[in-house]
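A.B. asks: With the hints in hand, could you dock these two chains into one complex?
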Amino acid sequence: MILFIKLFKESALFAWGSVVSNKLRTLLTLLGITIGIFAIISVFSVVDALERQIRTSISSLGDNVIYIQKWPWEFSQDFAWWKYMNRPSPRPSELDEIFRRTNILESAVFTASTNRTVEYFNRSIEQVNILSVSQDYDKVRSFEIDAGRFISLTESGSGRNVAVIGSKIASQLFENDNPIGNIIKIFGRNIEVIGVFAPEGDDTFGNNHDEMIVLPLNFVNSFIDVSSDRYGPVILAKGKENFSNDELTDELRGVMRSIRKIKPAAEDDFALNQTSLLSRQFDGLFAILKIAGWIIGGFSILVGGFGIANIMFVSVKERTTIIGIQKALGAKNFFILIQFLSEAVLLSLMGGSIGLLLVFGGTFIASQLFDMDLLIQMKNVLLGVNVSVIIGLVAGFIPAWSAAHLNPVDAIRANT
Amino acid sequence: MIEIRNLYKAFNNLPVLNNVSTIFQKGNTNLIIGQSGSGKTVFMKCLVGLHEPDEGGIYYDNLNFTKLSSRERSQVRKKIGMLFQGSALFDSLNVEENVIFPLEMFNKDMTKKEKLERAHFCLDRVNIHNANHLYPAEISGGMKKRVAIARAIANKPEYLFCDEPNSGLDPATAIVIDNLIREITKEFEITTVINTHDMNSVMEIGDHVVFLYKGELWWEGTSEQILTSGNKEVEEFVYASELMRKLKTN
Ligand SMILES: Nc1ncnc2c1ncn2[C@@H]1O[C@H](COP(=O)(O)OP(=O)(O)OP(=O)(O)O)[C@@H](O)[C@H]1O
Ligand SMILES: [Mg+2]
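Respectively, the protein sequence lines represent chains A and B. Residues 121 to 536 in our numbering are what the first sequence lists, from first letter to last. Residues 367 to 616 in our numbering are what the second sequence lists, from first letter to last.
Isolated chain B, as found in the complex (with noise of 0.2 Å):
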């Protein structure tokens, strides 16, 4: 469980994020949404502590984080899994490689066994087989895609952050890596937070979806709550596609 209570950031003086809170449930997958600019790469960057908020505390488990030292910072990203925009998987490691340096970096009493061990468990987790020692430019989007989510629980995390797991996907594809992110956060019982544009993704897997509006918390709810809001700004944002509209009006 994350909970975020009053956050504030601000760059230059304008106020980016504006005394934001909220409670991210373990086993859920936490969706973030908005407009571009609406402060949703921020308050992400905020939560892994890649920007330091101005006020306000994010608390893991109940563990302030913005008051850790960095070593104590270190113990609780130790627990995190992050899995980058375009999967950025490292292009000189292969798969199997890649999935375990995160193991190599944080894990430095398990021994290469069992690092080889938890690297195919996870590989096989995502329906990764027999490309255990293919290089990243050897197979497709979806699959960095699989490799990068492997990769990103191989240090069996506590919480897991995703940044716009799937862009750059056919949406058949981003419907399988969103359903694969949901299922293994309930598997392993992860907090997941999700940043996202995709009301697809909203529908599909947002057990618990907040609105950001101009750095602002606007609104927060299930994905079914989210079509019925009575928001006037969150409809403009589940109702900018044609397709969503048709669906209303059903």
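Looking at chain A on its own, in the form it has when it is part of the complex (with noise of 0.2 Å):
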């Protein structure tokens, strides 16, 4: 292992003085090798920023949550809207019923969403997300309450005209006054602040508290029907603790379908959605995503490859006769393989390299411009310098392998 060691190193130091004296082709012939690399460690960089702003989106949403809806997601091609079309929306009594019939719940909560303008003296904000919840939505989602409260149980239950506001609403509408205890108008009735959510940030799906008011579901179920399907009427369903999304899955399934009195050979007329349904949907993109900057860093990688065995082919030929001069000198064939091997590798790596460098300043200027925080994780770097050395291998292995198994009565002719 030693002596290997030492002959790679002597190896290296040979390719490396043909690098050295070359220079300029060296360097164009890379340029495949570079933009091979920078194509693909950039998009996969890009995907992978994509990929962990959206998990911890998800995340954010309760990966423990099921969505008893109206409409699966799904976002494939063929999907068969007109199967959901007619299927009913999820109401409040449905709520109480599973309630009722569940073992593993937790917690569930109906929520239901709408937009309108609210106004507080001179001031308004339209198409403000009003969203309409039952009692336990502090226990479904989480979220935090800056100043004040959230709905207690008895506002709930009773639908009193209360209101909890998001952050961004409160100072739109508030200014520098406390909005806790004043009286806010939305669908034309008198309803009071009783608390401000602690302001969250966007995040994927723009899915946060900043700029939403939460009302009772009581409450504005006297002005509109919230089972209607404009309104995008949910039930959020929690297990409890030890009990799978699997488990709680399937003890809903029955339930709604008992609910529903759908008969077993019928379909469900429900969708129960979990995040990581969401975020396996995103995995295909993200696939096809690395794919695409697979095969167009491949192309590039392509030609770099052929790019670097031309050279080590005119390498070979320049140095015929160190080579034979090598192998009189008591050189294996083995010896010499390797030096033009790592010189291949070396050429091949200081491409990859330079790809890997305008990722580094791509990614600086990117992330300067448009806010994204893109960091190039240690596993992409490495990638990178592992496909430069695959390819240095690859492309170098022939002529290598060439100079290897010169014969040495060729090698040495020039010579006498």
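The hints are simulated quantities; they were obtained by calculation from the structure and are not laboratory data. The hints are all genuine.
In the SDA-like style, the derived pairs of lysine to any residue whose C-alpha atoms are separated by at most 20 Å in a straight line are:
#, chain 1, residue 1, chain 2, residue 2
1, A, K360, A, D256
2, A, K452, B, K481
3, B, K444, A, N527
4, B, K481, A, G450
5, A, K190, A, D349
6, A, K452, B, R439
7, A, K499, A, A412
8, B, K614, B, G587
9, A, K452, B, R437
10, B, K433, B, M367
11, A, K452, B, D475
12, B, K481, A, L133
13, B, K580, B, P381
14, A, K437, B, S458
15, B, K474, A, G450
16, B, K510, B, P537
17, A, K452, B, V442
18, A, K437, B, F456
19, B, K474, A, L457
20, A, K499, A, M470
21, A, K305, A, F343
22, B, K445, B, L434
23, A, K143, B, D457
24, A, K437, B, D457
25, B, K522, B, R491
26, A, K190, A, E371
C.D. replies: Okay, here's the thing in structure tokens:
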């Protein structure tokens, strides 16, 4: 092993010599590898960044929450929308039944949303997202309250005219005033502000409480039909600890089918969605993006690989005599092979490194421009390095093999 | 000692070496001379196995080289040092590393320190001092030749082959190099075979001179005998230059 390292060091020295003495030729040939590695690694980095962002967003939605809805979360092309069109939407009464019939349910909440104008004295904001929630919303979704409190059980049950408002709504509507205890107007009704959500910031789906007003379902119920498809009614169900999503899904399916009196052979007329399904959808998308990266980068690398093979053939030819002398001084075929292979790998690595540097530069600029948190992960750097090494090995193998198996007679002939 | 018996080698049915027999003694500088195209290079290449002879035998201390397996041959090759035309040092290695190279290749059981010591010893022997870390581009032609000699003897060879060792050197340096080779030959009891054009070398270090003519061993003897060989072709070769002709008439 030590001998091998020594041999390798000596091979690398020879290789380095030839790289240094042919700078321009080397540089031009490396361009293919550079572009290829740049394409692959930059696509991977962007996909990784997106993936990270989406995953954190999804987990903030609660990865242990089942969404009972009319529509399934599905993005596929053959989405059978006509099958789902005529399904009934979830209703508040079904929530009560669910509570009664399930065993492993921790909590569940019915929500519906609509957009309305909100007024406070002479100020108003149009198209504010109004979320109507049954009790226990705070047990299913996680959030924090900055000022005041959340809707109480009694307020929820009796449908009191109270509201918890998002931080952005609070600052727009009240500016410097304290919103708590003040009266705002929605649906033409007076509603008392009892709490303000803590600022959350955007996630990928724009899912946050910052620009939202939450009202008790029983209050809103008297102005609009919350079960109407227009308001996107959903039942969010969260299982007890120690129970998996699958167990909860199974139980909910049975319960929902019995609530809706669905015959055994008939299909479900509801969808049980969960965030893991959502991320699975994205998995496909990311896989496609990555494949695209491979294809684009792959072609450049292919070109680059031929370039390296070409350089190596030239290099072998130029150094025929040296090879012969090395052999005459006792160098084994393997030594010659390693020597030229390491030269090829060195070349390819140089090209790849330049590509990686470009990615570093690119991500730096991109993260400045787009406020995107683009990080080059170690695994992507390693991927770039590995791909380069493999290209070097593949492209260099035939030239190196031919060098190693040069007949010393031919190799030395030029010399004597 | 290397013994050559009835060596025959042809290219495309044209004989280049024809029935060559001779003995190269240990501790002697054996010179192969002859006109251009007489077969010197082919002869030497046959000796080290770079060409396969068609007939005949090459005996390295009674070991028939032509009959050996490639593994056994590489055992013999370990004992052969080679001095290539134009020195042929590795440009990317410094003087010391060039000398270590064959040690690195052949001597798997020498320690780093032993190799370094051996390299320094050889460089000392060829009078290279304080140049161990210079690169071939930074030293003179004569020095390169010395380094090449140091490299050729690094592995303590029993046989040393030199191909036109003083081509490209001025006459004074050429004589120094010739004598260095001869000293080393005597000192380490090497069987040295030198391929040359140079009559100066013949006179200076020709312990045993082999004259090839059209692929045949036409004449052999010592450097003294060559002046009075009485052989027409040898005389033509020896007295080709004006200088030698003048020396003769004196
Ligand atoms: N590989 C080969 N294939 C065919 N013919 C060859 C080959 N090598 C040498 N010859 C021929 O063999 C003859 C002897 O060549 P060789 O190189 O041995 O001459 P030489 O004595 O070394 O000449 P010089 O002094 O010019 O180096 C020449 O006619 C040459 O053309
Ligand atoms: Mg020749």
